[in-house]
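Q: Since chain U is already given, all that's left is putting chain D on it; use the hints.
Number of protein chains: 2
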Amino acid sequence: MIDRLIEKIRKTGAPIVVGLDPKLDYVPGHIQKKAFDEYGETLEGAAEAIWQYNKGIVDAVYDLIPAVKPQIAMYEQFGIPGLIAFKKTVDYCKEKDLVVIGDIKRGDIGSTSESYAIGHLGKTGVGSASFAGFDEDFATVNPYLGSDGVKPFVKVCISDNKGIFVLVKTSNPSSGEFQDRIVDGKPLYELVGEKVTEWGSECIGKNGYSAVGAVVGATYPEQGKILRKVMPKSFILVPGYGAQGGKGADLVHFFNEDGLGAIINSSRGIIAAYKQEQYASYGEAGYADASRAAVLDMKDDIEKALASV
Amino acid sequence: MIDRLIEKIRKTGAPIVVGLDPKLDYVPGHIQKKAFDEYGETLEGAAEAIWQYNKGIVDAVYDLIPAVKPQIAMYEQFGIPGLIAFKKTVDYCKEKDLVVIGDIKRGDIGSTSESYAIGHLGKTGVGSASFAGFDEDFATVNPYLGSDGVKPFVKVCISDNKGIFVLVKTSNPSSGEFQDRIVDGKPLYELVGEKVTEWGSECIGKNGYSAVGAVVGATYPEQGKILRKVMPKSFILVPGYGAQGGKGADLVHFFNEDGLGAIINSSRGIIAAYKQEQYASYGEAGYADASRAAVLDMKDDIEKALASV
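Those sequence lines, one after another, are chains U and D.
For the first sequence, my numbering begins at 2 and goes up steadily by one.
For the second sequence, my numbering begins at 2 and goes up steadily by one.
Simulated from the structure, these hints should not be mistaken for lab results.
Hints may contain errors.
Where chains are identical, the list cannot tell them apart; a pair therefore holds if satisfied intra-copy or between any two copies.
[To be verified] Computed list of lysine to any residue pairs in SDA-like fashion (alpha-carbon distance at most 20 Å, straight line):
hint	residue 1	residue 2
1	LYS88	ASP290
2	LYS207	LYS300
3	LYS187	GLY177
4	LYS35	SER131
5	LYS34	ALA130
6	LYS124	LEU25
7	LYS24	GLN277
8	LYS34	PHE132
9	LYS24	ALA133
10	LYS35	GLY128
11	LYS95	GLY57
12	LYS12	LYS88
13	LYS88	THR43
14	LYS89	THR43
15	LYS156	LEU261
16	LYS89	GLY57
17	LYS124	THR43
18	LYS35	ASN208
19	LYS34	GLY126
20	LYS24	SER131
21	LYS152	SER175
22	LYS248	LEU261
Pulled out of the complex, with its shape left as it was, chain U reads as follows (with noise of 0.2 Å):
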């Protein structure tokens, strides 16, 4: 799946994932108000929201990138119904050719571990059949429990050609409290580096990158810059951008020399557009208009960054 991603990301030009974390307030009201006069204002109608809005939003960028991110969160807040919204976006975002990074931050015991990795990256046996429950092509994995928490992740990796992306440093502002302390003389997140390395050594694809990558925060540049050199064959999959108050700039040390290595993920800056005074005049109704011109701004910023190194 490794493979599928770098292929995807040569084809587009784009190393660029866009984050479908919808919140009700970002649905465009005509959108809004469809799914209510349906569902009514209940949790069924919450879902068909953003689930339609997630489908502008594909409809119009998908041509553009390589990947999204659903982040499962936004969706579980509205119970079953919004996972059931997950779900179809899953779905049709791999119907669009799209790779599906699941962002469900998992991670648990060995024996629970499986079980995520095989509801979200496997397949479940039930009698004489299997069946994948959710069906992401990446998840992101929380390492706090270790490595017998991570390696049933990788394990169905290989099995199933799929692919991890590991929490190491992450992008909030709290990150440093625990992430940043040290450790025999270095800090936590570069020993949770060291591991990525090691439990990806099992999985490298044919482009020399392994199956097992890492999360590490745009707004940590020379974090960043330590933690390529330590996991040199890991995809870094680099949340925010933009919103959080990342900048292109900054993106230059997650790249490797090949010009590889790193996918950056902006959610509201792109499928919020809309709302930015830079794109206020596409309007709710062209919401997935002013995203397509946010992803293509996107890519032109880190194009221009990359170019100035």
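A: Just chain D now, with coordinates in the frame of chain U:
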């Protein structure tokens, strides 16, 4: 909610939580057959089988225990139908007046943790209405992202009278890989424990315990002893008893001198008791009675251990 948990522990005399972590392998043949006859060998069939299995166990033990802890991964592996079975289980246990601890181990950046918190413990706004997504009483939370990933859960604990258990020292073999690393002369789990005390300081209930508890594995009694002192006002949810190797005698240090402060989880050891030699005479048909016998034996084991201090 922590006060309600304490009242239930006092009433039942059992600081015990039953982990509803069903695997299809545990479900007796007659229950599987009935579910598959009705829904086929499908995700829906599997979900029906685990729901009926859970219901049998809950009916057999609900009067003996204060709380249950469904592990959402075991349901999530069956996709949407599995999550519907999770929700049914949560609702049914609440009907039976059990405190429900959702073992969800969620945790993300601030705005995303907020969605998880309202989805599992709070209410989500939809137009002029608001709805609970999953509505557990407690949830387990992963602290790797630091304070801004945990505080949205604390906020919902206060606004909606709920509670959380933050992962501090997990029960699995590799938990030490990061959690035991020495930072400023102390293991990381101790720093996390200190944060648990801080996060929980604004939501102390009338019995003197905070709505912010901690997870510390029964498999690490020495660490439990230290953490008991670091987090004097936090309830400790203790997994790892029974099948994972924790014994009654290992548990005494997790409790405070008031005889409170800990609640011990057993999953497989209770719900799949009929598969153990000790309870084999109950047979598949008597699986729920075997679970009841295992709860009574566990209660006895803990009582003896606490009495011997």
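Q: Out of the numbered hints, which ones does the structure contradict?
A: 1, 2, 12, 15, 18
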